[in-house]
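Trainee: Spelled out, the chains give:
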Amino acid sequence: MSAHENVTGQAGIDAVEAPFWAPPEAPLDMPHQVLERARPVPFLDRLWQALTPRARA
Amino acid sequence: MAKPLPPDWRTVATRTLALTLSLVAALAATVLLIEAAVQDGRDLWDVVRSGLIFVSTAWLAWGAALAFTGLAPARPVAAPDLAAGPAPRTVVLVPICNEDPVTTFARIAAMDQSIRAAGVEADIAILSDTRDAGGALRERHAYVRLLQITGGTGRIFYRRRNDNRGRKAGNVEDFIRRSGGAYDYAVILDADSLMEGSAIRTMIARMQADPKLGLLQTLPRIIGAQSLFGRAVQFAAAFHGPVFTRGLARMQGQTGPFWGHNAIVRMRAFAESCALPELSGKPPFGGHILSHDYVEAALLARAGWAVRVDPAIEGSFEEGPENILSFARRDRRWAQGNLQHIRLLLAPGLPMWSRFVFLQGIFAYLVSVLWGAFMIASIVATIKAPPPDYFPEPHLLFPVFPSDRTKEITTLVFGIAGLLILPKVAILTGAILSGRARGFGGGLKAGLSVLVEIALTSIIAPLMLMYQSRAVMQVFAGRDGGWPANQRGEGSLTLGQGVQAGLWISAVGVAALVLVARVAPELTLWLTPVCLPMVAAPLIIALTSRAIGRSVFAVPDEAAPAPVVRRYHAILAAWSGTAPAAPEPPIREAGHAPV
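The listed protein sequences derive, respectively, from chains A and B.
Residue 1 is where the first sequence starts when you use this note's numbering, and the numbers rise one by one after that.
Residue 1001 is where the second sequence starts when you use this note's numbering, and the numbers rise one by one after that.
Some clues are possibly wrong.
[Claimed, not checked] Partial list, computed: chain B residues near chain A (C-beta under 8 Å):
#1 Ala1271
#2 Ser1280
#3 Leu1299
#4 Phe1476
#5 Gly1478
No lab work stands behind these hints, which were simulated from the structure alone.
Only a predicted model underlies this, so the values are computations on that prediction, with no experimental measurement involved.
We treat Cβ as the ideally placed atom computed from N, Cα and C, and that holds for glycine.
Chain B on its own, in the form it takes in the complex (with noise of 0.2 Å):
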């Protein structure tokens, strides 16, 4: 086996920069922290804060890192195009699990012209996982009818499997056991993956281009949102993502993130080093690997393959959970497949930097929990504290009284927010200077919607810590919540599902704020802003399920829906009925020379 290719200098200052900012942040809000505790006295509680804050604070610092070594634009670099001579064999993986059959395959229809548009050479297999009869028997209807209107007999496949072993992995697995001989390339997509064929062909060349890539990874755009919640994740995936994953490809270097779909892989690469043998034990921390693309991502590095991240390249769409819902479900399964890396953090010969990164993945579930231990241990200690001692020295003839530390305490609160706050700030006045806000409708409606976006990620993150704190108790406590389908084109929810969903967080916020207000009142002002949130819970999830605030959250894709979006929106509605499904739809794209 090769040995895992050793990080440049670049990739090495950059990591260690943003590891010393974390350290240092976490480190002065420790010290603010016990600067303001220690005017009571220490005890145990001081020391739970203290270690709580260190923890929480450097993880928020790593973020803000993210965002900042992502600033600086990329240098423009003459994208390759394909080698000559014979075409490279590729396929593109549509690994499908009960999906509603019809948006599937018009995703896949659209894709299949824009890909012979492109003048690509590639085949298409749709491998089903389908559990039920009826679906199956659905998407059997839905193949015939795309052979029918793209003629992709020979070129588009379709094949289900009885076994379900290892789940899309193990689809994908099965497929390049079978047939992974015939390809030199596969683009892996998920059901509501959807790719331009230009962004297939400059990834093809990309891997002609460099031998030693395994893997490269896109930055898909999300689409198609409606609901306020929909059009906020849209809006700050399309908007911020960009500069994060830009320095998440900084900071990686060539052992970068896979994350599942929307990626070319070299065949043989993927075939030699990422099949996932079961874990040992009952999940959910044995059994198959959940999260596999971060595991095959490790593999491939540590067998000596770059891993790379480019969101540079346009073209490639997928689409978000409409509502927290959908969002905390979805949340539920990551956490599972994270914190199933625990397992995987000492596993032989993986780079360093790959077990770092399943630390960061088990981190960002752990987080939430840390964070609500942090306010619980700060309630304790404020009850536990013992009452000011006005005369510490007998016979003294004036009250010492204890010195404000209102001020430590407002610095931390102020330092906090702002981790969270200034790369959004820095991501702004880099789009408007750059003029990529006009896409997001102009600098003022950019501006409007990053501060709505702020406001409200800090209304709904209090319900996310909720939600993603039971995900990781559930886990711990061995309840294995398994990997259902997703529940695409979910949306509005009704006041009543709000209840149903948020009731228990409603009566822990009530209960929080009694409590606090009964035994700690002096801290019921600094828990509002997450407790009120939490008691109005069941009215957040329904009212951000809504398609309201349609004034904010502009994306360029909204205005303006790249060719194959517009193409797949055209099939639908002719498969839908709505429209006439001949002629062809009048899309008009750049076209290429076939290879």
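Bound conformation, chain A alone (with noise of 0.2 Å):
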């Protein structure tokens, strides 16, 4: 007999169907990290940015 037969076996199927044991619920934040510098906008981009309205709308 496999060990996954063996387990599986053993455990029963009705064990399956039980809830799962969630681990306690108490939130802690966890702020994103900056680990990029903000890159500058290319300047072709801010140029056609410029000379296009519709863009910058």
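Each of the two chains sits in its own frame; use the hints to bring them together as a complex.
Mentor: Here's what the structure looks like:
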């Protein structure tokens, strides 16, 4: 008998339907860290935005 | 945000000494190469070769410096015990993803028993990222079985994420966001980790004793290896590992490493500083941060927390790759993860040492490409060299023979080999003198194991150079290797599998030998030690995956496995139907008063 069959056989299928035991609810804030510097908008993009009002809007 | 802790004078002195040694060795190698190369005039290829040998030798010398720094034994310090008062709230996190649930949960059962025997109150949370439904179902069965044999209801938790965002780092982050407030400390493990309860007790006590300590990393010893390759890795990790890690600890000071598992973190510190963002752009350089552990260590240091590694904490274990193929597969993931750190070299606010650690990780993989490039440049330089001019001045009566530079080249080769071998010889000498070698079968047997390990490493090195170079080139070509689950338990390989995995290396080896023999025959002898193992790659891959060479590579954990390892084997045997499930395995441990 394989290990999987052994475990499966002994645990029984009913147990699988039982609700899972979830860890306690105790939220902790994890603020996202900044790892990249903001990239400057390339010159051509800025020029394009300045020349095309629709794009600017 | 607090400022990063400044390094103390010992750390600064150690870093300065190691850097100086590396640069001096690199400079010496470069001068030797230039002296040997100038005999036929200087050209562009000599400049390229000089640059490559400088960087590659500096890298090797840096590794040697780590070992020499760690040779002196640590000063004996009385380990603190748990502080009086309410028990610290601790959780052991076991992130899993498509693992064999039977072995994984048997390890957890063994650790739970060991933790309780050590008098530690700690919950265990199994955090599953398993994707396929069948695997998830098997995990649920194994979980129920785990609760039955441990009585762990209310203490051992299991939850599976539907959204695998952020992989392991995201899995841990999800737990902290939901439940982190319930704990002071989290011991982070891998699916193949095993830790003694006493080790966890020591780690908690260390965190209590030093309120600025954000993370404490242990040195996991590799266990359970069966193949020649696996046992060589296991031996090297047990014999050389503690010395290298002690050197690392001295070099890194309070800006130490995090290897992603077998470590304890202060929950508040980790929560406030380690939520990783996705990097802009697509993988392999953008997207989720793959090698998250190095980044988390750097972020903790950035936020003013100390990160330390202590190889002296006993009772920390993991499993290692059993063959070259598994090793290369893991290396492919690590290559991508480390090369992704190029994006983080200029991340705002990091301590300079954290940036240097990123650079080391990047170089660990680039150096293979650099060695390959050095060999190619040497061949090209030899081909391009003009024929010797025996009469450089007109009207000379006697020919002028070019000076023989064999001495410089031989010195260079032996010098580079020395950087690889000397640290190991020094570690062996130290182990014999201190009596540590007894655990490895005695001085003679340990010496033989070191010799065989050096020989085996030399044979395997060209194969690893090829695998790593391919990985680096794939990453730079934009190929995302992903982060597939480990193929744990993958053992012996057939010759057919060896051919499948190594035929391309053989082809490159044969092509290189034929090419060199035709265009630069004087280099054939020099390149044979590199090309021959490449030609024999399939055979080497298959043979080293077999359980041969049992007379070498003895380690203390083979002769006398730790209590938690014996517990694990007993539970696994019971679960696999090869031993009765009850009664409890008769394993005795030093008991502790409950806290």
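Trainee: Look at each hint and say if it fits the structure.
Mentor: Taking the hints in turn, this is what the structure says about them:
{"no.": "1", "hint": "Ala1271", "verdict": "5 Å, holds"}
{"no.": "2", "hint": "Ser1280", "verdict": "6 Å, holds"}
{"no.": "3", "hint": "Leu1299", "verdict": "6 Å, holds"}
{"no.": "4", "hint": "Phe1476", "verdict": "20 Å, violated"}
{"no.": "5", "hint": "Gly1478", "verdict": "19 Å, violated"}
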